[in-house]
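Listed in order, the protein sequences are those of chains A and B.
For what it's worth, the numbering used here labels the leading residue of the first sequence as -3, then goes sequentially.
For what it's worth, the numbering used here labels the leading residue of the second sequence as 448, then goes sequentially.
Note that these hints are calculated values from the structure, not bench results.
Computed from a prediction, not measured in an experiment: that's the story for all the values here.
A portion of the hints provided could be inaccurate.
Residues on chain A that point at chain B, a partial pick, calculated with CB under 10 Å [as the list claims (entries may be wrong)]: (1) M27; (2) K38; (3) Q46.
The list that follows gives simulated cross-link-like pairs (lysine to aspartate or glutamate, EDC-like), each with its CA atoms no further than 16 Å apart [to be verified]: (4) K135/A <-> E108/A; (5) K495/B <-> E122/A; (6) K568/B <-> E608/B; (7) K568/B <-> E583/B; (8) K592/B <-> E171/A; (9) K133/A <-> E171/A.
Each residue gets a CB set at the ideal place from its N, CA and C atoms; glycine is no exception.
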Amino acid sequence: MISRNPDKQKLRKIKMTRRAFSILEVLVTLMLVAMVVAGVLKILNYVNDQSEAIELGMTQLASIEYSLNKLIADVSTASQGGGQINIQQGSYDQHETSHLTIVIPSGDRAAEPQIQIEWVAVPRYEQDDLVLFRREKKKNQSETAYYIPQCENLFSFRARMQDANSVSADGPALEAALLEVRAQLFRPGSRDPGHVTPVSRSCCLSRFP
Amino acid sequence: MKQNKIFLFNRDTRRQGGFTLLEVVASLLILSVVFMGFLAGFQRSCDKAQLQFLRERAFSVAQRHIETLIASHQEPNSVGFSNVDELDPLFNWQLELVRISGDSAAPKPDLTNTVIKATIKVSLADADMLQMPPLEVTRYFAWLKPMPGSIVSVPLMPEEEPLWYTELRAKLGREPTVEEIMDEMLKANELPQDLFEEMEEQEANENQYNELLKQETSR
């Protein structure tokens, strides 16, 4: 049935002559767009993973370095005041660890009591790594002194004191005592002991009076 | 009003055109260039972070060897001058000991006005891994125990004269004058640029002064 309205006739004619995409064109385009989007997302995901791994690695490294610097600062304080450093070696499964006890004697004033600082690395419950703890206890302190975690994700933590006149690991005989602290840090997301990051600090005690 | 609507619809559908192949290819190329730039930037920032990470480890190695030297106060034998680090085998370390004058005066025969400059250079054992310039940590020692059989540790080394100076002396058959040394340094490009400019300026001033003097005397 032909419409008598001339406008409607014109509109129908236009609709019939309009060029549209075929289903094949649409499907191919959709597939291409999906592939490109998937590729871009994959790359962005990789970039994000890499950034996170780098950030985590840097944070963990900064954490252990900060802890070791703090340990050396404790040793420095103890050495200046004629303190004592006692080291006990131990191990948990394949993890080597040390327990450092630093005693800083009381100062001239009575207000400065003797301080005992402990550094120890122990494994976490059901985790295959060590956590480094520090505890500071004053002699006349009545409340409990707690071990405060400093850094985690360690494979090993070893402190060694080489006394004066002993032969150092690198050869020459030592004139002054040398404290060596060595830690091995797991790489982020890995528990492979073959791929660890070594961090160390050495401190010659002759530099303190 | 109806006419108007139909006209608009008509215009939109009739004149609708897709992108040409050239446009699509060009836009894809631009997009890929932008994306490659972004990826290259990310890769560079990753490398920088990795480099910083390695430099911190290298510093740890250098600090450990300096501390051992402080504790031993002993000039090492030939074995103790360079090696792969035992704790962090990723790095090679190298010790350089040089005796230098502590002040501007010439070293005394008993070397009391000299100090020993100890420099630990730490570099990556595998140079292909990343381009990391060697990290250097320096410490000065007033004294170190000499090696067994030696009287003095780190003897004062005479400064090696440059090759051009030896050649010039051989050519002249005598010790060259200051002017001859300057000329030769200019030829060998060993004169610092600022000194060269200063000399040129001085020469120009001298010429100007001579000209004025000549004019004054002629009057």
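Is the interface hint for M27/A satisfied, with its Cβ closer than 10 Å to some Cβ of chain B?
violated (16 Å)
Can Q46/A be said to touch chain B, with a Cβ gap under 10 Å?
OK, holds: Q46/A within 10 Å of chain B, min 6 Å.
Given the hint that K592/B pairs with E171/A, test it: the Cα-Cα distance must not exceed 16 Å.
Holds, at roughly 10 Å.
Between K568/B and E583/B, is the straight-line Cα distance small enough, at 16 Å or below?
holds (5 Å)
CA of K135/A to CA of E108/A, is that 16 Å or under?
holds (10 Å)
Please check whether K38/A passes as an interface residue: C-beta within 10 Å of a C-beta belonging to chain B.
Since chain B brings no Cβ nearer than about 12 Å to K38/A, farther than 10 Å, the hint is violated.
Keeping to a limit of 16 Å between CA atoms, is the pair of K495/B and E122/A held or broken?
Between K495/B and E122/A the Cα gap is close to 36 Å, so the pair fails against 16 Å, i.e. violated.
Quickly compare the C-alpha distance for K133/A and E171/A to 16 Å and report which way the hint goes.
Not satisfied, since the Cα-Cα distance of roughly 32 Å exceeds 16 Å.
Could you grab the alpha-carbon distance between K568/B and E608/B and see if it respects the 16 Å cut-off?
violated (25 Å)
Checked against the numbered hints given earlier, the structure breaks hints 1, 2, 5, 6, 9 and satisfies all the rest.
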